[in-house]
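Number of protein chains: 2
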Amino acid sequence: MKLTILGCHSATPHENKNPTAQLLEIKGHRFLIDCGEGTQVQLRKAKVSFVHIKHIFISHLHGDHFYGLPGLVSSFRLLGREAPLHIYGPKGIKEALLLLLKLSKSNMNYPLHFHELSSNQSECVYEDENVIVRTIPLKHRIYTNGFLFEEKIGLRRIDADAAQAAGIDKSQYRLLQQGQDVESNDGHIVENTKVTFAPHPVKKYAYCSDTAYYPSIIDIIHKADWLYHEATFLNQHAALAEQTKHSTAQQAAEIAKKAEVGLLILGHYSSRYKDLGLFVDEAKAVFPNVILAADGAVIS
Amino acid sequence: MKLTILGCHSATPHENKNPTAQLLEIKGHRFLIDCGEGTQVQLRKAKVSFVHIKHIFISHLHGDHFYGLPGLVSSFRLLGREAPLHIYGPKGIKEALLLLLKLSKSNMNYPLHFHELSSNQSECVYEDENVIVRTIPLKHRIYTNGFLFEEKIGLRRIDADAAQAAGIDKSQYRLLQQGQDVESNDGHIVENTKVTFAPHPVKKYAYCSDTAYYPSIIDIIHKADWLYHEATFLNQHAALAEQTKHSTAQQAAEIAKKAEVGLLILGHYSSRYKDLGLFVDEAKAVFPNVILAADGAVIS
Chain V
1 MKLTILGCHS ATPHENKNPT AQLLEIKGHR FLIDCGEGTQ VQLRKAKVSF VHIKHIFISH
61 LHGDHFYGLP GLVSSFRLLG REAPLHIYGP KGIKEALLLL LKLSKSNMNY PLHFHELSSN
121 QSECVYEDEN VIVRTIPLKH RIYTNGFLFE EKIGLRRIDA DAAQAAGIDK SQYRLLQQGQ
181 DVESNDGHIV ENTKVTFAPH PVKKYAYCSD TAYYPSIIDI IHKADWLYHE ATFLNQHAAL
241 AEQTKHSTAQ QAAEIAKKAE VGLLILGHYS SRYKDLGLFV DEAKAVFPNV ILAADGAVIS
Chain U
1 MKLTILGCHS ATPHENKNPT AQLLEIKGHR FLIDCGEGTQ VQLRKAKVSF VHIKHIFISH
61 LHGDHFYGLP GLVSSFRLLG REAPLHIYGP KGIKEALLLL LKLSKSNMNY PLHFHELSSN
121 QSECVYEDEN VIVRTIPLKH RIYTNGFLFE EKIGLRRIDA DAAQAAGIDK SQYRLLQQGQ
181 DVESNDGHIV ENTKVTFAPH PVKKYAYCSD TAYYPSIIDI IHKADWLYHE ATFLNQHAAL
241 AEQTKHSTAQ QAAEIAKKAE VGLLILGHYS SRYKDLGLFV DEAKAVFPNV ILAADGAVIS
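In order, the protein sequence lines correspond to chains V and U. Numbering-wise, my numbering puts 24 at position 24 of the first sequence, and it's gapless, one number per residue. Numbering-wise, my numbering puts 134 at position 134 of the second sequence, and it's gapless, one number per residue.
Be careful, since some hints might not be right.
Since the list gives no way to pick one copy over another, a pair counts as held whenever it fits inside one copy or between any two copies.
[Unchecked claim] Pairs of lysine-lysine residues, derived as BS3-like cross-links and limited to a Cα-Cα distance of at most 30 Å, are as follows:
no., residue 1, residue 2
1, Lys-54, Lys-284
2, Lys-139, Lys-102
3, Lys-257, Lys-91
4, Lys-102, Lys-54
5, Lys-223, Lys-203
6, Lys-102, Lys-27
7, Lys-17, Lys-257
8, Lys-203, Lys-105
9, Lys-105, Lys-194
10, Lys-105, Lys-139
11, Lys-91, Lys-2
12, Lys-45, Lys-194
13, Lys-17, Lys-54
14, Lys-170, Lys-258
15, Lys-91, Lys-194
16, Lys-47, Lys-284
17, Lys-105, Lys-245
18, Lys-105, Lys-257
19, Lys-203, Lys-27
20, Lys-194, Lys-17
21, Lys-274, Lys-152
22, Lys-91, Lys-284
If you are wondering where the hints come from, they were derived from the structure by calculation, not from laboratory data.
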């Protein structure tokens, strides 16, 4: 699992302060999460080939999370893309993109599939044999979802020496991988856990932006390896955070602590703060394992 | 008159290759012309205060000329703008922007005035006592206008020594500035041109992008001081230029020559070319006074 921060600043973009976008590499997928203005340039800087992006998840339709998408979709077209593109985002995203494409009279050379979201309950939006993506309903000024990206539990791993010593024929290995007890060559039942190791641990990434402090998400993101949680404000502006339905660094840390995540990644800083180190200080007072997102940073 | 090139590259944006946007300073105005993705960052780099932008002219609704506008309009709002903003562009631009604003549930704190264009004839879109802006209908794959920015002829300038020597009372000066003959203190008629200088010469800037080679524009842009004319291709790709309704550098130069402009500024280069010097070479063979636009360049 590898996360590239393409942009992690809030509101209005500046040079070297890009609005939100991330690329998550997990189980062979390259999932694009949010797409603020300038994301395609950030992708190029990060040397991400556009053809590998097949799924784009949009949290909400504020410009700093979304206004890079029309340009990216257009660039895909100009570059001759033929592979389908799946876009997951709030209801309305389809109307907006199709209107912009219609106005530019651009014939699409690849299929564009919209998966519009409107539920206030967590739901599965993507699933294959390796990974599952669920929404994390958030609390913001407009309808907003975070996304939970979770590897599926793989097969149990054969302990070849033990299996051989127990006299198990290789034809039985598939059943062992699936967790079943099997019969040995001499006819006795071998307990699965005696001859297998547990599957590789699964990785889990929770992306939560933008949102007010919202403990309802704790159950959904519980024990995620990494949690990206917005921290637009410091404690001194807690009232402003509440009013604008954003979080403080301390609130993000409280969520991280209660959800028992492995690592908290902060981002979406308001441009009013010069010293981002204060975000870490405030968060660490509550939850120790915290880092600051930075444009271009790679977490793996 | 001062022109800042914010972006002058075609199609898909790259680091240091921004899509089209320009800022024209003329007679106290700061007119934004086109607004490709990333324009607001380019404006910040050029240290242009957002509050001074009151009129935005959009040539056409292809993304590389337009997809920076929703973000800019949103940033104006976030920064607390109260002054009206006027947007001139093809029919459809209002629907697109209002839909995006509606989806973001953003209450506007400043008035947004749309001036939608649909005529195929040159028309005046803005006029005050100092400047007039007219459309330049272009020939592209979708409805497209260039824009002609023209200073108005000012008042004649008093030759104070001559006026005094001719015995003209200062109360008559306003009439002199307006070009009228006046009566001197001793009752004889003084010919205007004997006691005034001609008004300062007016400046004229013609912006033409995107367009195929289109001689119909020559009359409209005749004797412009500066002509920005797109040159997406070199001659070797003339067939592609015709097919995509773009121009070659040589065609841009032919327009410049026939229109007898002062300076030709080339831009909108296809990213396929590494050596932009070839654009100058091809253009100079036809028209000598030619320069290449470059992101961040200032022409004054």
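Status of each hint after checking the structure:
In this assembly of identical chains, Lys-54 and Lys-284 lie within 30 Å of each other by CA distance neither inside one copy nor across copies; the values are 36 Å within and 45 Å between. In this homomeric assembly, Lys-139 and Lys-102 come within 30 Å of each other (Cα to Cα) only across copies, at 19 Å, whereas the closest approach inside a single copy is 33 Å. When the C-alpha separation of Lys-257 and Lys-91 is checked against a cutoff of 30 Å, the pair qualifies neither within a copy, at 32 Å, nor between copies, at 52 Å. With identical chains, the CA atoms of Lys-102 and Lys-54 are at most 30 Å apart both within one copy (22 Å) and between copies (28 Å).
In the homo-oligomer, the alpha carbons of Lys-223 and Lys-203 lie at most 30 Å apart inside one protomer (10 Å), although the nearest pairing across protomers, at 66 Å, exceeds that limit. With identical chains, the CA atoms of Lys-102 and Lys-27 are never at most 30 Å apart, being 35 Å at best within one copy and 37 Å at best between copies. Only within a single protomer do Lys-17 and Lys-257 lie at most 30 Å apart by alpha-carbon distance; the minimum there is 28 Å, versus 43 Å between protomers. Taking the shortest alpha-carbon separations for Lys-203 and Lys-105, neither the intra-copy value of 42 Å nor the inter-copy value of 35 Å comes in at or below 30 Å.
For the identical chains of this complex, Lys-105 and Lys-194 are neighbours neither inside a copy (64 Å) nor across copies (59 Å), given an alpha-carbon limit of 30 Å. Taking the closest pair of Cα atoms, Lys-105 and Lys-139 come within 30 Å of each other only across two copies (15 Å); inside a single copy the shortest separation is 37 Å, beyond that limit. For the homomeric pair Lys-91 and Lys-2, the shortest alpha-carbon distance inside one copy (29 Å) is at most 30 Å, but the shortest distance between copies (44 Å) is not. When the C-alpha separation of Lys-45 and Lys-194 is checked against a cutoff of 30 Å, the pair qualifies neither within a copy, at 49 Å, nor between copies, at 65 Å.
Both within a single protomer and between protomers do Lys-17 and Lys-54 lie at most 30 Å apart by alpha-carbon distance, with minima of 26 Å and 25 Å respectively. Taking CA atoms no more than 30 Å apart as the test, Lys-170 paired with Lys-258 passes in neither setting, with 45 Å inside one copy and 83 Å between copies. Neither within a single protomer nor between protomers do Lys-91 and Lys-194 lie at most 30 Å apart by alpha-carbon distance, with minima of 51 Å and 72 Å respectively. For the identical chains of this complex, Lys-47 and Lys-284 are neighbours neither inside a copy (33 Å) nor across copies (37 Å), given an alpha-carbon limit of 30 Å.
Taking the shortest Cα distances, Lys-105 and Lys-245 sit within 30 Å of each other only across copies (14 Å), while inside one copy they are farther apart (38 Å). With identical chains, the CA atoms of Lys-105 and Lys-257 are never at most 30 Å apart, being 50 Å at best within one copy and 32 Å at best between copies. In this homomeric assembly, Lys-203 and Lys-27 come within 30 Å of each other (Cα to Cα) only inside a single copy, at 10 Å, whereas the closest approach across copies is 61 Å. For the homomeric pair Lys-194 and Lys-17, neither the shortest alpha-carbon distance inside one copy (54 Å) nor that between copies (61 Å) is at most 30 Å.
For the homomeric pair Lys-274 and Lys-152, neither the shortest alpha-carbon distance inside one copy (41 Å) nor that between copies (46 Å) is at most 30 Å. For the homomeric pair Lys-91 and Lys-284, neither the shortest alpha-carbon distance inside one copy (37 Å) nor that between copies (53 Å) is at most 30 Å.
Going through the hint list in order, the structure does not satisfy hints 1, 3, 6, 8, 9, 12, 14, 15, 16, 18, 20, 21 and 22.
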